[in-house]
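Given the coordinates of chain A, assemble chain B onto it according to the supplied hints.
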Amino acid sequence: MKIIEVNNLTKYYGKSRGIIDVSFDVEEGEVFGFIGPNGAGKSTTIRILLSLIYPTSGSAKIFGKDCIKYGPDIKKDIGYLPSEVFYYDNMKVIDLLKYSASFYKKDCSKRIKELSELMDLDLNKKIDDLSYGNRKKVGIVQGLLHEPKLLILDEPTSGLDPLMQQRFFNLLKEENKKGVTILFSSHILSEVQKLCDRVAIIKEGKIVSLEKISTLRENSYKKVYVEANAPLKSEYFNMDGVSDLQVKDRTVSFLFKGDINNITKKIAEISITDVTIEEPSLEEIFMHYYMRG
Amino acid sequence: MNVFLHELKSYRKSTIIWSISMAALIIFFLSMYPSFSSSVSLVKKILEGYPEPIRKAFGISIDDITKFLGFYSYVFSFVVLGGAIQSMNYGISTISKEIKLKTADFLMTKPISRNEILTSKLLASLTSIVITDIIYLVTAYITAESVTKELFNIKLFFMVSVTLFFVEVIFMSIGVLISAVVGKIKSMISLSLGVVFTFYIIGMFQATLNDKAMKYITPFKYFDTEYIIKNSSYDITFVIISILIVLISIFLSYVFFLKRDIHVV
Chain A
1 MKIIEVNNLT KYYGKSRGII DVSFDVEEGE VFGFIGPNGA GKSTTIRILL
51 SLIYPTSGSA KIFGKDCIKY GPDIKKDIGY LPSEVFYYDN MKVIDLLKYS
101 ASFYKKDCSK RIKELSELMD LDLNKKIDDL SYGNRKKVGI VQGLLHEPKL
151 LILDEPTSGL DPLMQQRFFN LLKEENKKGV TILFSSHILS EVQKLCDRVA
201 IIKEGKIVSL EKISTLRENS YKKVYVEANA PLKSEYFNMD GVSDLQVKDR
251 TVSFLFKGDI NNITKKIAEI SITDVTIEEP SLEEIFMHYY MRG
Chain B
1 MNVFLHELKS YRKSTIIWSI SMAALIIFFL SMYPSFSSSV SLVKKILEGY
51 PEPIRKAFGI SIDDITKFLG FYSYVFSFVV LGGAIQSMNY GISTISKEIK
101 LKTADFLMTK PISRNEILTS KLLASLTSIV ITDIIYLVTA YITAESVTKE
151 LFNIKLFFMV SVTLFFVEVI FMSIGVLISA VVGKIKSMIS LSLGVVFTFY
201 IIGMFQATLN DKAMKYITPF KYFDTEYIIK NSSYDITFVI ISILIVLISI
251 FLSYVFFLKR DIHVV
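So the protein lines, in turn, are chains A and B. So that you can map any letter, position 30 of the first sequence is 30 in my numbering, and since no number is skipped, the others follow by simple counting. So that you can map any letter, position 166 of the second sequence is 166 in my numbering, and since no number is skipped, the others follow by simple counting.
Derived by calculation from the structure, the hints in this document are not laboratory data. Small disclaimer: the values here were computed from a predicted structure and weren't measured. Glycine is no exception: its CB is placed at the ideal position from the N, C-alpha and C atoms. Some clues are possibly wrong.
As the list claims (entries may be wrong) - Below, simulated DSS-like cross-link-like pairs (lysine-lysine); rule was C-alpha separation at most 27 Å, straight line:
hint, chain 1, residue 1, chain 2, residue 2
1, B, Lys184, A, Lys126
2, B, Lys13, B, Lys149
3, A, Lys177, A, Lys2
4, A, Lys15, B, Lys102
5, A, Lys126, B, Lys13
As the list claims (entries may be wrong) - From chain A, some residues computed to sit far from chain B (all C-beta separations above 12 Å):
hint, residue
6, Gly64
7, Asp107
8, Gly133
9, Arg167
10, Ala228
11, Leu232
12, Lys265
Bound-form chain A, shown alone (with noise of 0.2 Å):
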């Protein structure tokens, strides 16, 4: 069954663009990475997905109902969390829960208990006092205290701590092994690597690529960088799967994609005083990847 369908959304906020022409669905129990840099659209799709905004021209079904028309009905059973994360300042923690909770009509104090307890939050504080993880950390157990079957997540990491940003990830992938369908919107590509199925990419408002998360890793490039004892040839790296090449003196990068021993037989075969190979950026990979065309 399908959880999201997104129908060729569009939105326009007066002449500036929002979103164009973006399509995807997310199947039950399926966790899902939206990821796009900052600016690219996700939150404006995940703000129409919850009616905050209204498309310009598109729709969007949650649970199979258009959700404009019955918006109230399907939050019952969605769990959202923000990426900026802003409550009532004059509150204490638990009575901003409780006042969440009163919007579900089932008992969610047990849930809060747990949930606070493993996220390490105090909730008798005032939200004031809070800093910022904390903070997020309220938006964490807020979003989950009413068992949503489906969970809406705006670059939920940032302000976690390492730590929390594990036992958050691990609370995830609990909720998803009860069958928790999960939307989960970043623009950190490992972090959507660890937990997604499936993932759409958007860039300046459209979605350019929807792959699996194993295709995606198998297209993968390496970003290298060797520093070698002498000077080097510049044709030396030249062979299948570099691109972007640069040698300067005895400094070599490039990026290379496929069998990954390939490259480091080939640097073994040469003294070198320093080497690095990383995961390129995001941005990195819109360039040499998605905008090869």
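Then chain B, alone, in the frame of chain A:
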């Protein structure tokens, strides 16, 4: 119901402060009445010393002010000004506060329709205003009874006093409309003070110039206390205008709010 209660709670402090201030204001002014009424001729002489336009602008009528209801109406105009500010604040903050504090994302992703949100918020503002008015009215009545030795018309006293509520509802609905149209407002207090004082100053000009057409522009003149005391009734034209303003503003607020995009960034 939960949104209503939450809103009511968030207005609690402000409701208490406004209630106390307006009650204190009326106690303070009315307690001057005994000394005022015991030296009528002196007071008249002092007032006659002021130029007529100024007396008119401040709504001072020499013949009326020496009677209790006349004196009360004069003082009451400041109470109405306060009430107008309070209700304009509530009106403007209805939608703008959620957008400014970025809590709209929280509230509007809950399983509740925009209609329900706006209705709950309007009812909460209205309740806060009614509470303030009741506290004011009781205080004013008790103070009036204790400072006057003469008999005054209690029915007229109440007829004048409840116009506070009418003016407040008008200003609240204008405020809601502004917030529904504009959305994010950076300094809500200055905007609401600006709007209220503009209408108030128009009212002062109207009184000075005695311009009939100008009366229609400012809600401060819709419930003319002089008219009420003289005729023991409200001016029906302005009652109808008031009802229309309120209904149209509220209706348009729903229309704009239902259609508006909620941006937080």
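* Violating hint indices (sorted, rising) -> 2
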